[in-house]
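Please construct the entire structure, taking both the sequences and the accompanying hints into account.
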Amino acid sequence: MSAPNQSGWKPGTPVQDHNAMSGPDTVTGNRALMLEEPLLFEIGHVETTGVDLPEPSGAATRLGGMERAAAIGLPGLSEPETVRHYTRLSRQNYAIDLGLFPLGSCTMKHNPRLNEKVARMPGFADVHPLQPVQTVPGALEVINELAHWLIELTGMHGVAMSPKAGAHGELCGILCIRAALEARGDARKVVLVPESAHGTNPATAAFAGYEVEDIPATPEGRVDLEALKARLGPDVAAVMITNPNTCGLFERDMKAISDAVHAAGGFVYCDGANFNAIVGKVRPGDLGVDAMHINLHKTFSTPHGGGGPGSGPVVLSEALSPFGPLPFTARTADGVVHLVEEENAADYGHVQAFGRMTAFHGQMGMFTRALTYILSHGADGLKQVAEDAVLNANYILRSLEDVLDAPFGPSGPCMHEALFSDDGFAEGLSTLDLAKALIDEGYHPMTMYFPLVVHGAMLVEPTETESKAALDQFIMALRSVAERAKAGDETMKTAPHYAPRRRLDETQAARKPVLAWNDANMA
Amino acid sequence: MRYLPLTDADRSAMLEKIGAPDVDALFVDVPEAARLSGPIEGLPMHASEMAVEKHMRRLSKKNLAAADAAFFLGAGAYRHHVPASVDHIIQRGEFLTAYTPYQPEIAQGTLQMLFEFQTQVARLYGCAVANASMYDGSTACWEAVAMAGRVTRKKRVVLSGALHPHYAEVVKTMAKFTEDEIAHARPALQAQPDNDGLIARIDDQTSCVVVQYPDILGRLPDLQQIADAAHEKGALLIVVNTEPVALGAIKSPGEQGADIVVGEGQSIGVGLQFGGPYLGLFAVRDPKHVRQMPGRLCGETVDAEGKRGFVLTLSTREQHIRREKATSNICTNSGLCALAFSVHMTLLGEKGLRRLAMENHRLACHAADRLAKVPGVSVLNDSFFNEFTVRLGQDARKVVRKLADRGILGGVSLGRLYPDNEELADGLLVAVTETTTEEDVETLASALEEVLA
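Chains as they are written, first to last, in my numbering: chain A, 1 to 523; chain E, 1 to 453.
What the hints contain is simulated information worked out from the structure, not anything from laboratory work.
Do not take every clue at face value.
Here are some, though not all, of the chain E residues that point toward chain A, as calculated from beta-carbon distances under 8 angstroms [stated by the list, open to error]:
hint : residue
1    : S60
2    : F95
3    : A107
4    : H166
5    : R296
6    : I330
7    : M345
Backbone N, C-alpha and C define an ideal beta-carbon position, used for all residues, glycine too.
What follows is the structure, encoded as structure tokens:
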């Protein structure tokens, strides 16, 4: 009988040994604690269930003739099999709980478990979004309390809490800008986006119906103020800028940029993805920003969860605050927090609420975690977060600039992330090869090929939750792979050698997409 | 400060290595005038785990949790029992604290899970391909409308009047960007959905027709009839489902001709959470539409040794490559919620899902029969899955508040969903799931007898 549970590996197929892991092949495909795990569809059965539910009694009476007759094809597993399946899968993942996760612009910091405990309190986890508001005053207070601290930390005037992720927040901010422009009868058509912006910025502006134009960067990695000023005019609705920017640098001219944009009648959108670098130190509102989303999962440590969920509240200037979306919370003079869902928005200063961006009230489960994080750190702790994040990044920058090219190193300190390039690598070796070699050293690679303004970019963000010892070991590892890349070590081309999978064929995946199990290959 | 490992000695040593006199020297690019001179106003200093937990518990206890009441709310979010092992799995650090699986060699756990999730969703919906999830059902609905515009290159959107009003609002909000024309009516309180009225509004300029199934009043429209009419005019049929458990009992949208099926996955594994995070599901019936889909996709491939593995794929549709030409600006998915859905679905299996669905339906039938006996209450629906509409003969918003005063969460009033519409004001949506007991139904029925008297 052939073993059914070997992912892609067939019994009797020798496991080629490309690396130093010598020893006999195993018949299971497993290697001690490194276990192969088949797909659910290969081990489950439609008759198996891990949930005790009653056998249906009698026929369905009121489905209006819409009964589902045909098989669905959903295999089940018992509870022990389920726990084992997913636990085995989990062991194929790198995670912040396993080690330093140096992803620039993505901010992978420690996720405090108190946040998880709080989010699971029944008064937060087990309440329905449409419960009568008299039964959820505590939930409304959480939203309002978090909203208050986000406004205070950013020096802004209002905040829209409902956006579901950073890019959704960008859309919200652009909608506010558009609503404010429409309110004064101004139909501007262009959004300016610097080259170094996140890909979501131009996508958002385009999705919002605007023409997108690039603004170049200076050789120092900052927005070219003169080029920006030269482009401003009556057709420019907004400038979308990231500060600290994606080169890891603070936009020194931010106030001058804001003043110029405002003088030309436009608005300033700031991508707040890197707010963790300045929280408690600098308030974007003081720099003239009109709208900025805050990725709660980045600055305030709600877990990334393998890709999401995110949460993207948008703080707004006085000029934009009247234009936020529904619903929102507001505390009135009587001390009560109200939930404003529909008709009476104007009573709360929303002269022109533009409607909903999502059903219900936003990412409540993320709000509880973020508020817990803010209260845990307090005013002193949040300032320390920014300082330690910046200190750690500069420590990495200065410890490695003798071996890795740091294109903006000479221009001074970086913020919370250090940028390197592939300049000086031996012919034929790339940033990708270095990243895959770093996997063999036990690290998740840094952000690669971003920002686009630097060739072979490597953007390293250690965050504030790494110790000096952890940084020193990471520096040692990165130094070693950098030296190998410069020396032309060919073995890097086939890295990783020790990961659960060797280098995966992404071209085949895209050329012949197989997106569901047992699905015929698509043309 | 328990989350910050650096000691003062570490900081001094690191500053020395950097060559900076103090940490403020690292903020030299921040103009002096923009630096905060003191602490954030009113924010206390850092607090212990115990102190913060106490504060948050106090806020939590001010809310009436669903488990502590006879509970009948639905309208796009449903209370189901979630097996304990689901929460156990999603709290494993390797899932909880992982990043987007852009480095596939060390993210096979998340990737294989997403591949399995995509397959589960596609089968549940009767579709060829599902993506790796969206923010929630309402935003997935908008993304489907935007996709239909890309596919058909037409600008007119026909929304069923019985589409969840929040979903319709999201589509209308976002259509301000694209200048799509939206045709939308409010639902009529009648036993059967108005398919003929909907079909009459489809014309040659229509890019898509959006129908909810089961609809906002709990009714079950015949989708095939609408699909045929839409296809005849060159429009796509988008079907929205807000209660995936229903699809264990009723025909899938895909087998009735839906082109795009989207929905809210919250019911399976995710929990109520006062509205979020939830789980948007998105699938297409015809594989040729894959390249117009928004969001992430996980695909199968092989590694350098020929072993099967998984990667995020077809990313040339996405914002980080196509920038302003991307199919969508969405840059995330709901990975952890997708995991919860997938684990719960795996525990159920087909047999469990069908049993769960029939148990929901059985209890809902019981509740409808019992409530129909309350003087002043009439049940609107002939057919439904686990949610139905009753008419109370008076403003349901007031009735709901009176029930809440008695500790009963009696349903969602149509007045809450349609605040400007007097014709719907006496409607109450009542949802029943496997967590509802016959005793709960009795509690609601007798309370209604008193409140309506």
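Here's how the hints hold up against the structure:
1. The interface hint given for S60(E) holds, since its Cβ lies 3 angstroms from the closest Cβ of chain A, which is under the 8 angstroms cut-off.
2. Because the smallest distance between the Cβ of F95(E) and any Cβ of chain A comes to about 5 angstroms, under 8 angstroms, the interface hint for this residue holds.
3. Given hint, A107(E) at the interface with chain A, holds; its Cβ is 6 angstroms from that chain's nearest Cβ, closer than 8 angstroms.
4. At its closest, the beta carbon of H166(E) sits 4 angstroms from a beta carbon of chain A; the interface hint therefore holds under the 8 angstroms criterion.
5. This hint holds: R296(E) has a C-beta 7 angstroms from the nearest C-beta of chain A, less than the 8 angstroms allowed.
6. With a cut of 8 angstroms, the hint placing I330(E) at the interface with chain A holds, because the nearest CB-to-CB distance is about 6 angstroms.
7. At its closest, the beta carbon of M345(E) sits 6 angstroms from a beta carbon of chain A; the interface hint therefore holds under the 8 angstroms criterion.
Going through the hint list in order, the structure satisfies each hint without exception.
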